[in-house]
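Protein chains: 2
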Amino acid sequence: MSNNAQDRIVKPTPITGYPELLPEERLVELAWLDRIRTVFESYGFCSIETPSVEAVEVLAAKGGDVDKEVYGLKRLNEDDPEKGAKVALHYDMTVPMARYVAQHYNDLVFPFKRYQMQKAWRGERPQEGRFREFMQCDIDVVDNDEVSLHFDAELPAIVYEILSSLNVPITLHVNNRKILEGFYRGLGISDPVSAIRIADKLDKIGPDGVRKGLVEEVGLSPAAAQSCLDLASIRATDTSFAQRVRALGVTNELLDKGLEELVFVMEHLAHLPPGAVTADMAIARGFDYYTGTVYEGKFAAYPDYPSICSGGRYDNLVSSYLKRKLPGVGLSIGLTRIFSKLLKEGVLPVGPKSPTQVLVAFPPDGDRKLVLATAQKLRARGIKVEAFHEDRKWKVQLGYASKKGIPYVWFPPEGEATAHNVKNMITGEQVHADPDLWFLPS
Amino acid sequence: MSNNAQDRIVKPTPITGYPELLPEERLVELAWLDRIRTVFESYGFCSIETPSVEAVEVLAAKGGDVDKEVYGLKRLNEDDPEKGAKVALHYDMTVPMARYVAQHYNDLVFPFKRYQMQKAWRGERPQEGRFREFMQCDIDVVDNDEVSLHFDAELPAIVYEILSSLNVPITLHVNNRKILEGFYRGLGISDPVSAIRIADKLDKIGPDGVRKGLVEEVGLSPAAAQSCLDLASIRATDTSFAQRVRALGVTNELLDKGLEELVFVMEHLAHLPPGAVTADMAIARGFDYYTGTVYEGKFAAYPDYPSICSGGRYDNLVSSYLKRKLPGVGLSIGLTRIFSKLLKEGVLPVGPKSPTQVLVAFPPDGDRKLVLATAQKLRARGIKVEAFHEDRKWKVQLGYASKKGIPYVWFPPEGEATAHNVKNMITGEQVHADPDLWFLPS
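As you go down the protein sequences, you meet chains A and B in turn. Its first residue numbered 3, the first sequence is counted upward by one per residue in the numbering used here. Its first residue numbered 3, the second sequence is counted upward by one per residue in the numbering used here.
Because the hints were derived from the structure by calculation, they are not lab data. Quick reminder that beta carbons are idealized off the backbone N, C-alpha and C, glycines included. Be a bit skeptical, because a hint or two may be false.
Unchecked claim - Mimicking DMTMM-like on lysine to aspartate or glutamate, the simulated pairs with C-alpha atoms at most 25 Å apart in a straight line are: (1) A:300 x A:369; (2) B:395 x A:431; (3) A:386 x B:145; (4) B:327 x B:135; (5) A:13 x B:27; (6) B:327 x A:393; (7) A:85 x A:126; (8) B:379 x B:367; (9) A:203 x A:148; (10) A:405 x B:135; (11) A:395 x A:369; (12) B:371 x A:436; (13) A:397 x B:367; (14) A:88 x B:147; (15) A:85 x B:135; (16) A:379 x A:431; (17) B:13 x B:27; (18) A:13 x B:290; (19) A:371 x B:163; (20) B:214 x B:240; (21) B:13 x A:148; (22) B:386 x A:436; (23) A:425 x A:436; (24) B:397 x A:148; (25) B:346 x B:290; (26) B:386 x A:347.
To be verified - Sample of chain B residues at the chain A side, in silico, Cβ under 8 Å: (27) 14; (28) 51; (29) 52; (30) 58; (31) 89; (32) 90; (33) 109; (34) 206; (35) 207; (36) 350; (37) 441; (38) 442.
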């Protein structure tokens, strides 16, 4: 790297798919992150962080159509350019969490209840709601042999509580893969996974597309394909879906088990506002690793926008590492997806450009030590304080506070005076105040 | 990706250089991150986050011997394997911050005071204190044309306050590149940057190595090389260094300016405990972009461990993007480096495996709704509560609380009883309590 490289003018341009916030937007995002973490912890979930990368073989050992979207890492001056990447950025937090549980199995207490708020990366073509780098807030429970159905109901209630408190109304759709697989098996379909994949495209290709796919690709009879479509049309905000599924006349043990599980979940979400949760037989979720409950949440206000939280139950994710069954259930909040949409729609309460609550002004020919000591006295009581850095005109200092949205400006005494004054920048009111006693009006 | 890939057993192994914490360790790290953020914000600094990647040309336009350590990103199935990476993971937060300031110039208020707590990546050979992925906590001030020397003193005071409050005693060494460059120019050295680079290796190659390098590589006379070594030997915990530098008999305008700046900084750090800050003429810092104050902090307890916080003043970092002078000064706390060392030394207060404060037990044949409602009542007052998920033996439930380090177990009434009870898991004491009124003993 030559030293004169510094002399080039390189105009910076945003990198597509990698969102970046202004300070005033970031302040709101931070408040959201705090809120999400607080609620996760209020239910006793512990935080973990996994590295941004996993071994390529770990990422490749998992289901889902994601391999083409995974970013491998290689040093820019790697000696052997032919050598493939050995590590790659994770594309979600579920696969890393499964690896974490397997690796640290003996140090964890089960049921292992963890949350994980980290960035993930996918090499997708960027479009509305799809980013190459995005923040996910995941919450999962993993247990030995069996994970209690209790958590299938607790997790969506937690996510609902979070999003409601952030003023993000959602519609949460819940299904159970056992219902789909059992129903399809009951119809005599030998490859239900392929059929589920086609049925999952209902939103995108419509009922005729699904019918065609089921008949031509999976070899269903037109009548069986129609039954699949009939199943996918069933939705209910209570447990009445079970009756309607049974009325389709298909019988299968796995189907019964799935209905029983989804009834439990719906019953234990009944305390949420009417319509918040819908049992929806059209929901399948793309990842093959789901084996029971599946979730998909959307903005109530923007139903065409991609799902903003999703997840489900997986029985065999960790067991690709250990000869032990460690099923789990989890939900993921797509924070970047939610936040970027609300920002674009202009509905976020974006306020000041700084967390500062008080600016201590620098009086003309003032004593820097008095300015700093005053600021430190206020800070000692938890107030966020900037000490203005130089003897500049009042206009400059007040203009600085005003541009940053700082609500109070503090004036240490000038010359022979001894009284401090504090000015409310919104009302303009200015009063005497003692830096050892003054509190921020609440 | 074939479906039966899931059937392979892939034993997970840690990836060298990518640290990962257990939940009980992560709880301590989270408390540290909260503390660091709280102090940064108490001085009115705003948070920003930049993407994990920058354009390769942005990273390459900056000084420093880092290009060989930068990780480029390429999708695993990239069509054209010959094509080089266009974006790469950032190796610090200074270069991304400079790009951010240039890109969002019109939306920022100056002096721009920001903190940034993010991961960075370097393809170094992992060794003690050196990681491939690590968390940095940076604080910088950037201003138009000129940045007040006030901040050269404020930033180390902030970092000192943070590390003291985390019980991490440090020794902070401060110097000014103008002293070095001015002194070297005063000696008639035409390429002071090369000379500074050699002198910076004093710790590694010793005085004889530095003397040899200065004579053989930069062409100094043995007497001039000795003067450089004499300069590098000057250290003081007050402003007496200036007198001693001047006593070496070299005169130069830039040297005078540097001494004046460092005297200001030392005077304004005089309120810190004696010995906390040392003016140290041997400190140069590797990055070429520093032009004034430079900082290097080490563990007081482990002086041979690499520096745990560092930074300095740069005049021309942002100006490679804009035809405008935007100098800055910053300091970076190497969180991963600090945390990993203290963890290894066993001196961190690692406690419970979960944030949970109360476990609401599930009584025999109990009512799940009563368990959940009790937990929700406690949560409503900010208590972190797990509801035990199933009707299991008391022994199992108490064992779970005990293994996780949960301090209180709550027993909802059983059968005909109406009283709730709460058990202190440390003292064993159990008392009646009302879920609508009970507070965590402080």
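Verify the proposed pairing of residue 13 (chain B) with residue 148 (chain A), using a straight-line Cα cut of 25 Å. Roughly 22 Å separates the two Cα atoms, so the pair holds.
Have a go at the residue 109 (chain B) hint: is there a Cβ in chain A nearer than 8 Å to its own Cβ? holds, 5 Å
Regarding the pair residue 395 (chain B) and residue 431 (chain A), is the alpha-carbon distance no greater than 25 Å? violated, 64 Å
Between residue 203 (chain A) and residue 148 (chain A), is the straight-line Cα distance small enough, at 25 Å or below? Violated: residue 203 (chain A) and residue 148 (chain A) sit about 31 Å apart, past 25 Å.
Measure nothing beyond the straight line between the CA atoms of residue 346 (chain B) and residue 290 (chain B); if it is 25 Å or shorter, mark the hint as holding. Violated, because 33 Å separates the two Cα atoms, which is more than 25 Å.
Please verify whether residue 214 (chain B) and residue 240 (chain B) have alpha carbons no more than 25 Å apart. violated, 31 Å
Hey, residue 405 (chain A) versus residue 135 (chain B), does the alpha-carbon distance stay inside 25 Å? The given pair, whose Cα atoms are some 37 Å apart, is violated under the 25 Å limit.
Please work out if residue 397 (chain B) and residue 148 (chain A) have their alpha carbons no farther apart than 25 Å. Within the cut-off at roughly 19 Å; holds.
Should the interface hint for residue 442 (chain B) be scored as holding, given a Cβ-Cβ cut-off of 8 Å against chain A? With a minimum Cβ separation of about 13 Å from chain A (threshold 8 Å), the hint on residue 442 (chain B) is violated.
With the threshold set at 25 Å, check whether the alpha-carbon distance from residue 397 (chain A) to residue 367 (chain B) stays at or below it. violated, 71 Å
Agreement of residue 85 (chain A) and residue 135 (chain B) with the hint, judged by alpha carbon distance not exceeding 25 Å: It holds: about 21 Å lies between the C-alpha atoms, which stays within 25 Å.
CA of residue 88 (chain A) to CA of residue 147 (chain B), is that 25 Å or under? violated, 45 Å
When held up to the earlier numbered hints, the structure conflicts with 1, 2, 4, 5, 9, 10, 12, 13, 14, 20, 22, 25, 26, 34, 35, 36, 37, 38 and fits the remainder.
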